[in-house]
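Undergrad: When you get a sec, could you build the whole thing from the sequences and use the hints?
So my numbering is basically just the index in the sequence shown, starting at one, shifted up by 660.
Hints should not be assumed to be uniformly reliable.
To be verified - 35 Å max Cα-Cα, derived DSBU-like pairs, lysine-lysine:
hint : residue 1 : residue 2
1    : K710      : K693
2    : K728      : K710
3    : K710      : K737
4    : K728      : K744
5    : K718      : K744
Please keep in mind that the hints were generated in silico from the structure rather than gathered at the bench. This one's a predicted model, so the numbers in the text were calculated from it and none came from an experiment.
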Amino acid sequence: MSDIKLTNERMKTYDGGKGVFKTGAALEAFGEKQNAANEMLAANINDLIKRVCALEDKQVQNNEIMKKIASELTSFKAEIDRLKLTAKLNTNTIDRLNNAINLASDSSEANEE
Numbered sequence: 661m662s663d664i665k666l667t668n669e670r671m672k673t674y675d676g677g678k679g680v681f682k683t684g685a686a687l688e689a690f691g692e693k694q695n696a697a698n699e700m701l702a703a704n705i706n707d708l709i710k711r712v713c714a715l716e717d718k719q720v721q722n723n724e725i726m727k728k729i730a731s732e733l734t735s736f737k738a739e740i741d742r743l744k745l746t747a748k749l750n751t752n753t754i755d756r757l758n759n760a761i762n763l764a765s766d767s768s769e770a771n772e773e
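TA: Spelled out as structure tokens, the structure:
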């Protein structure tokens, strides 16, 4: 942010000077002070605009990153589900083969007797 800090003292554009013949000088001083105050405000507003734009850019980047992460998580979940199913099918196949071997062993032992 700008090094120029807005304070009540700096924002005063009229110091209360009165006098009939000093009007022109007072108006000139007032205008100079008003211009200086406006410059300070403009500098601070411009700095705030830059900060808001930077935050908006960062938010857009974060949204894009979150979308990528969500996509990766969806793919990851699908892969885990596939692996779980494969593991379950393999376990069932192994159990069936084991049962078939046991049945075959039992029937061959029964035939031998």
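Undergrad: Against the earlier hints, flag every one the structure doesn't satisfy and list their numbers going up.
TA: Of the numbered hints given earlier, those the structure breaks are 3, 5, listed in rising order.
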